[in-house]
Amino acid sequence: MKLLVSSSPHMYTRTTTAVLMRDVVIALLPALAAAVWIFGWRALAVVAVAVAAAVAAEYLFEKAVGSEVTISDFSAVVTGMLLAYNLPVTIPLWQAALGSIIAIVVVKQLFGGIGRNFANPAIVGRIVLFLSFSKAMTTWQFPDAVSSATPLALMRAGDLSSLPSIWNMFLGLKGGCLGEVSGLALLIGFVYLLLRGVISWHTTVVYVGAVFLLSWPLGGSASYALCQILSGGLLLGAIFMATDYATTPSTTFGRVLFGLGCALFTVLIRQWGSYAEGVSFAILFMNILTPYLSRWTRSKPLGGVAK
Amino acid sequence: MNFWIQLKMHGVHVPHHKNTASMPAVIMDCPKSVTIPMSMHIGTPARPLVKVGEYVKMGQRIAEADGFVSSPVHASISGTVKKIDSFLASNGRRIPAITIESDGQMARYEGLKPPVVRNQEEFLQALTDSGIVGLGGAGFPTSVKLTVKNMAQVDAVIVNGAECEPYITSDTRTMLDQSKLVMEGARILQKYLRAPKILFAIEDNKPQCISLFEELCRHEDAMEVCSLPSMYPQGGEKVLIYHTMGRLVPEGKLPLDVGAIVINVTTLASIARYLKYGLPLVRKCITVDGSAVKEPKNVVAPIGASLADVFDFCGGFKAEPRKVLYGGPMMGITVPELSEPILKNTNAVLAFAEAEATPPASTSCIRCGRCIAHCPLRLMPAEVEDAYAAGDVAALAALKVNLCMECGCCSFICPAHRPLVQTNRLAKAQVAAYLRAKAQKEAVKP
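If you read the sequences in order, they're chains A and B.
The numbering used here applies: residue 1 is where the first sequence begins, and numbers increase by one.
The numbering used here applies: residue 1001 is where the second sequence begins, and numbers increase by one.
Rather than coming from a laboratory, the hints here were simulated on the basis of the structure.
Because the structure is a prediction, the values reported are computed rather than measured.
Among the hints, a few may not be true.
No farther apart than 30 angstroms at their CA atoms in a straight line, the calculated lysine-lysine pairs in the DSS-like style are these [to be verified]:
| no. | chain 1 | residue 1 | chain 2 | residue 2 |
| --- | --- | --- | --- | --- |
| 1 | B | Lys1008 | B | Lys1197 |
| 2 | B | Lys1297 | A | Lys2 |
| 3 | A | Lys300 | B | Lys1428 |
| 4 | B | Lys1083 | A | Lys2 |
| 5 | B | Lys1191 | B | Lys1113 |
| 6 | B | Lys1294 | A | Lys2 |
| 7 | B | Lys1253 | A | Lys300 |
| 8 | A | Lys2 | B | Lys1318 |
| 9 | B | Lys1008 | A | Lys300 |
| 10 | B | Lys1441 | A | Lys300 |
| 11 | A | Lys2 | B | Lys1082 |
| 12 | A | Lys2 | B | Lys1018 |
Isolated chain A, as found in the complex (with noise of 0.2 angstroms):
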């Protein structure tokens, strides 16, 4: 009879990586179906060839690079899911395969895989894609015959009057990339996170508390700065990407001031940048700062003296 000795402890916990991953698939998943509600059948292809391309890259990067293959932890399908989620349902699919590959190998594996990415690789895919396509990337499918604007033109536009109904907005009838359109889903996905513990409230509510109060004198209104934080990606970006375990601080307090620096960065490029959406450009200059945050904030240990 042989024992096995090791040192303690000696029990774990069953909620591994890839069990995290999966729950964040399943927080998605309400999402995607009002895509395809929208925009039609498209929209699932779009997140097909992306989410393929993701699993596709990592397991052949992985291979050719000699390390151990992680496409089973979920992550690259995360990665797959959030960039489509980003793109306009037009998008030709090969550029959504592209940025996927960008995401995946430049961004992630490139700097040593899960854990060790800087930048949330969804996120520099998007802005990727944007620079190099910019006019697939924003030529916009409508739900209706009449918009010809996502919202958030017609907010820079000044045009108030051609808004959809708040309530049309929350739900995801308006223009916008496939999966950042719906309030209504993408809160589900939230609500079910925080239930399953995969992630902390603090950056998502600070986030879009701080863009709603920022918007609030900017606009004018209650109303304006509701419609900002229903349009464009911020709803996407604050629940699915600034809560990015790898490029956001570790620490509570730490992932507070993640959120507030997401929404300063938001606002400024919203009102005053060239571009109409700032999110993805906000979180990825948080993502750079998330170093210095996270020794910032370093936890005081209980008891400890400074010596």
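Fit chain B to the supplied structure of chain A, relying on the hints for placement.
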């Protein structure tokens, strides 16, 4: 109770597995032989007083304390001293151990009688003679812990009945089966330590113990029950002091420095038993459980009995054991052989089959921050791991890894199954050496 402090507690919700909580302890058959190590406590090993071939009786002192921080050892059965040889302790040290072959009589040593205790000095002497050490796990000699120079310093004695480790129910059984001895122990502390307040700290997954002690405390002065949320590591000394009294034990200080003494509930019962009957610490109530054990139960075993004998008493194994532990699954120590003996501070022996024994493979850190959010001492295990990998000892010292009590919450909760507390242990050793060297360097400076 300090409600707000409790609310903010960091720790983990471990599965309880208190399968044996309703099983009163049964006395184990006398084993054929016992092997009693000379160090079952923190401090200098005891010095053997007997020779090979000598006949000893149960309760007879067979080794004496060597110095102040040490503890005597008593024979746990009657029989002949078979051999005195070297024994490999779990901390890697080699110490002598006395093997006694039983005569099957369990004959009690005639010299056992209640000690005469009239004052604090005699009380502490009695404690020294009793061989009692901290039974919660640490094994610190109780006589040393209770040697308090300035009585006015003590504001409260916390009787630790938290028992937050999964599986273990031996303290639960002490509280239920020996409540009178526990209360007597508390009165003894009031008398000889002049403890102004006695707090019974019990986790709320033991409602029977809580209601029993609330009832018992009603008839006493300055004793109360503190019901604590069931969250691991509620029973950790510093955690317990913070949660019951709201006081933090600063780095490098002792509980006494903040007016607290924490004593395990079974230790307290043992003190009362010694003062009442003169019976030193020769047997121990232990929980025998785990997926490989056929009939899990609470067993009163003589100290020095082999784990093989204890498991045999519990019907043997229903599956091949692959990992056997002293203590619970969060902080327990693995045993290399079933011939290892029951020690004074053993409160459980667990045997696990293959499925529970093999640690899961670790994957890359995903920086989720769970280890930070769950550390009861608010340390940052993920950052410690990075600093350790970088060989940056100054950063490790700044991260205060030396405070780590090795409770294992970080390793338990890590979704990537990183060996975090294991890294903390290695880092602690480096930081200790670093701080010593730094202190020396500063001492040389003019």
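Hinted pair Lys1253 of chain B and Lys300 of chain A, Cα distance within 30 angstroms: holds, 17 angstroms
Next pair to validate is Lys1294 of chain B with Lys2 of chain A; report whether the Cα-Cα distance is within 30 angstroms. Holds - the C-alpha atoms of Lys2 of chain A and Lys1294 of chain B are around 19 angstroms apart, at most 30 angstroms.
Is it true that the CA of Lys2 of chain A sits at most 30 angstroms from the CA of Lys1018 of chain B? holds, 27 angstroms
Hint check: Lys1083 of chain B vs Lys2 of chain A, CA-CA at most 30 angstroms. Holds or violated? holds, 26 angstroms
Between Lys300 of chain A and Lys1428 of chain B, does the CA-CA distance stay at or below 30 angstroms? holds, 18 angstroms
Tell me if the straight-line CA distance from Lys1297 of chain B to Lys2 of chain A falls inside 30 angstroms. holds, 24 angstroms
Hinted pair Lys1008 of chain B and Lys1197 of chain B, Cα distance within 30 angstroms: holds, 25 angstroms
Lys1441 of chain B and Lys300 of chain A: Cα distance at most 30 angstroms? holds, 27 angstroms
Is it true that the CA of Lys2 of chain A sits at most 30 angstroms from the CA of Lys1082 of chain B? holds, 27 angstroms
Would you check the hint for Lys1008 of chain B and Lys300 of chain A, treating anything up to 30 angstroms between C-alpha atoms as holding? This hinted pair holds, its Cα atoms lying about 14 angstroms apart.
Hint consistency between Lys2 of chain A and Lys1318 of chain B [alpha-carbon to alpha-carbon, up to 30 angstroms]: holds, 16 angstroms
Could you grab the alpha-carbon distance between Lys1191 of chain B and Lys1113 of chain B and see if it respects the 30 angstroms cut-off? Judged against 30 angstroms, a Cα distance of about 21 angstroms means the pair holds.
Violated hints are absent here; each numbered hint is respected by the structure.
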